[in-house]
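Participant: Next come the chains, spelled out residue by residue.
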Amino acid sequence: MTTTLPTDSSARLPGLIRRLTGDEKHAPSAHSTTDVLQVLYDRVLRVTPDTADDPERDRFLLSKGHGPAAYYAVLAAHGFIPDAWLDDLAGPESRLGHHPDRLLVPGVEIGSGSLGHGLGLAVGTALGLRAQGLLNPRVYVLLGDAELDEGSNHEAIAYAGATGLDSLTAVVVDNSSASHGWAGGIASRFTVNGWTADTVDGRNHEALYAALTGHRPRHPHLVVARIGSKG
Amino acid sequence: MTDMRTAFIDTTTALLDEDPRTALVLADISASQFASAGHRHPDRVLNVGIREQLMIGVAGGLALTGLRPIAHSYATFLVDRAYEQIKLDLDHQGVGAVLVSIGASYDGSAEGRTHQSPGDVALFDSLGDGWTVRVPGHPDEVAPLLRNATTTDDPIYLRLSEQRNAEAYPDATRLRVIRRGLTNAPLVVAVGPMLDPTLAATEGMNVTVAYTHTPRPLDTPGLRALANTDVVLVEPYLAGTSSALVNRALADVPHRLLALGVGQTDLRRYGDPADHARWHGLDADGLRRSISAFLGSVGG
Chain P
1 MTTTLPTDSS
11 ARLPGLIRRL
21 TGDEKHAPSA
31 HSTTDVLQVL
41 YDRVLRVTPD
51 TADDPERDRF
61 LLSKGHGPAA
71 YYAVLAAHGF
81 IPDAWLDDLA
91 GPESRLGHHP
101 DRLLVPGVEI
111 GSGSLGHGLG
121 LAVGTALGLR
131 AQGLLNPRVY
141 VLLGDAELDE
151 GSNHEAIAYA
161 GATGLDSLTA
171 VVVDNSSASH
181 GWAGGIASRF
191 TVNGWTADTV
201 DGRNHEALYA
211 ALTGHRPRHP
221 HLVVARIGSK
231 G
Chain R
1 MTDMRTAFID
11 TTTALLDEDP
21 RTALVLADIS
31 ASQFASAGHR
41 HPDRVLNVGI
51 REQLMIGVAG
61 GLALTGLRPI
71 AHSYATFLVD
81 RAYEQIKLDL
91 DHQGVGAVLV
101 SIGASYDGSA
111 EGRTHQSPGD
121 VALFDSLGDG
131 WTVRVPGHPD
141 EVAPLLRNAT
151 TTDDPIYLRL
161 SEQRNAEAYP
171 DATRLRVIRR
181 GLTNAPLVVA
191 VGPMLDPTLA
201 ATEGMNVTVA
211 YTHTPRPLDT
221 PGLRALANTD
231 VVLVEPYLAG
241 TSSALVNRAL
251 ADVPHRLLAL
261 GVGQTDLRRY
271 GDPADHARWH
281 GLDADGLRRS
291 ISAFLGSVGG
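Chains P and R are the protein sequences, given in the same order.
Be aware that the first sequence starts at 1, since it is given in this note's numbering, and climbs by one per residue.
Be aware that the second sequence starts at 1, since it is given in this note's numbering, and climbs by one per residue.
Because the hints were derived from the structure by calculation, they are not lab data.
All residues carry an ideal CB built from backbone N, CA and C; glycine is no exception.
Each hint should be verified, as a subset may be incorrect.
Unchecked claim - Per label pair, the in silico range of CB-to-CB distance:
| hint | chain 1 | residue 1 | chain 2 | residue 2 | range |
| --- | --- | --- | --- | --- | --- |
| 1 | R | Q33 | P | V192 | 28 to 38 angstroms |
| 2 | R | D129 | P | H205 | 39 to 49 angstroms |
| 3 | P | L134 | R | D129 | 42 to 52 angstroms |
| 4 | R | D17 | P | G151 | 28 to 38 angstroms |
| 5 | P | R18 | R | H39 | 55 to 65 angstroms |
| 6 | R | Y270 | P | R46 | 55 to 65 angstroms |
| 7 | R | D28 | P | L134 | 21 to 31 angstroms |
| 8 | R | Q264 | P | A178 | 53 to 63 angstroms |
| 9 | R | E84 | P | A178 | 18 to 28 angstroms |
| 10 | P | S94 | R | R113 | 39 to 49 angstroms |
| 11 | R | N148 | P | A162 | 32 to 42 angstroms |
| 12 | R | P221 | P | V192 | 54 to 64 angstroms |
| 13 | R | D10 | P | P217 | 31 to 41 angstroms |
| 14 | P | R203 | R | E84 | 25 to 35 angstroms |
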């Protein structure tokens, strides 16, 4: 498969995000993911609208499905969906809802919204690719720090670490929104289970790029992208 | 004689050897019985440990990549515990899996409520009409149903039990008449392992007894063809699970329905499965009492 050349969606993204209506409800979290999504789609993920069904593509799973405005804007910037779709978010005829549906939106790998489902699906996706000898695609899954409250994540963290599932990268966007916090840090939950981890400034594109491509053999990789609290 | 669980293990082991699309996801239950298959197919025999939410999430992910996952545990852990994963990681993603349970309603009589799932089929009904539900009544029905399940990408639930009939009817996807009554005789539909107690209960009664191992989709054309005024359902899970389907199928004809099955109440008693069958009125004597009372209750 052809590898996508780095592109720069930064010029178009603000305008595309403005076209989305109805994102007020989830505005802080929507914007917390913008930089991570931009770096992923501009520079990291080997997937384009033409390869959206290619078995060799990289997978990006948005587990934290609420506040998908930035996600939809990035998908539009990269040509997966028409810009015009952004003008009718969650309207009666819209394919874009407040939580994305993979059966309605090209380029969306999973339907999400209920928290704590993406990491398990990502583990299964990574295992399914490996079982078919598809060793090049990488599976990225994006979660929120509060989403980690859901126990299902910890089933997946422990198992992926114990089995050294090294085609998997989890990105936790940390805007300190977990009600009881994560004493001892988020990364420690993963590293104690055998993951490698990088914790970076979630607005710093160079740091994000290094972390998102910083996986090592025989370990799943974690990127904690720290964002100012939504307050 | 082979039991249903052994039939599942043997057939799945063969399918893993034969079909590279097949993958098995376990949560420790039955893991030791798949050890040799796991050595041959380490990438397709996946034991995630005692993590049922992850088991279904992994099955969903495998299916998203084009594999055909089989996930397996006790019904209460596979279905009751992981219900939202079934709803979202499979159904909402638009992918299927083969879910194979053991334990049924009260195979785990001595284990207690924690190991019993009389409500599993009702839970699948709550997900809409996409799921095929197979409730074999004999171990020899398991292999053909499982093999058939792996030829599709459909969502399929295979509910295995230690309760069994004397005879296998692998071709009973639709209602199959086992004993035919006189013209206009009442119809008694027995699902899965309820056939033998139903046959014993209705010995000498003028009823038609029909059997199926596939309550979903229910064979409603067959039901309409066989049913007269009186219909009795005998199901090995929650009583009334199929009542709505029967009533919908017969909505335009006068009918009466008696729906027998497992009661709603946690009995908080141990004993063996035969004790629970008796307490739920699902042994031959109990069924006979209920069916006789129902059929004799019509005025004039």
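Participant: Confirm or reject each hint.
Facilitator: Tested hints:
Between R:Q33 and P:V192 the Cβ separation comes to about 32 angstroms, which falls inside the hinted range of 28 to 38 angstroms. Distance hint check for R:D129 and P:H205: the Cβ-Cβ separation is about 48 angstroms, which falls inside the suggested range of 39 to 49 angstroms. Look at P:L134 against R:D129: about 34 angstroms separates their beta carbons, and that is not inside 42 to 52 angstroms. Between R:D17 and P:G151, the C-beta spacing of about 35 angstroms keeps the proposed range 28 to 38 angstroms intact.
For P:R18 and R:H39, the Cβ-Cβ distance of about 57 angstroms falls inside the hinted range of 55 to 65 angstroms, so the restraint holds. In this structure the hint that R:Y270 and P:R46 lie 55 to 65 angstroms apart at CB holds, the actual value being about 57 angstroms. With their beta carbons about 28 angstroms apart, R:D28 and P:L134 fall inside the hinted range of 21 to 31 angstroms. Distance hint check: the CB atoms of R:Q264 and P:A178 are about 39 angstroms apart, inconsistent with the given range 53 to 63 angstroms.
At roughly 21 angstroms, the beta-carbon separation of R:E84 and P:A178 lies within the given 18 to 28 angstroms, and the hint holds. A hinted range of 39 to 49 angstroms for the beta carbons of P:S94 and R:R113 is consistent with their spacing of about 45 angstroms. A hinted range of 32 to 42 angstroms holds for the C-beta pair R:N148 and P:A162, which are about 35 angstroms apart. R:P221 and P:V192 have their C-beta atoms about 58 angstroms apart, which keeps the hinted 54 to 64 angstroms range intact.
The beta-carbon spacing between R:D10 and P:P217, approximately 38 angstroms, falls within the hinted interval of 31 to 41 angstroms. At roughly 34 angstroms, the beta carbons of P:R203 and R:E84 sit within the given window of 25 to 35 angstroms.
In terms of the numbered hints stated before, the structure departs from hints 3 and 8, listed from lowest to highest.
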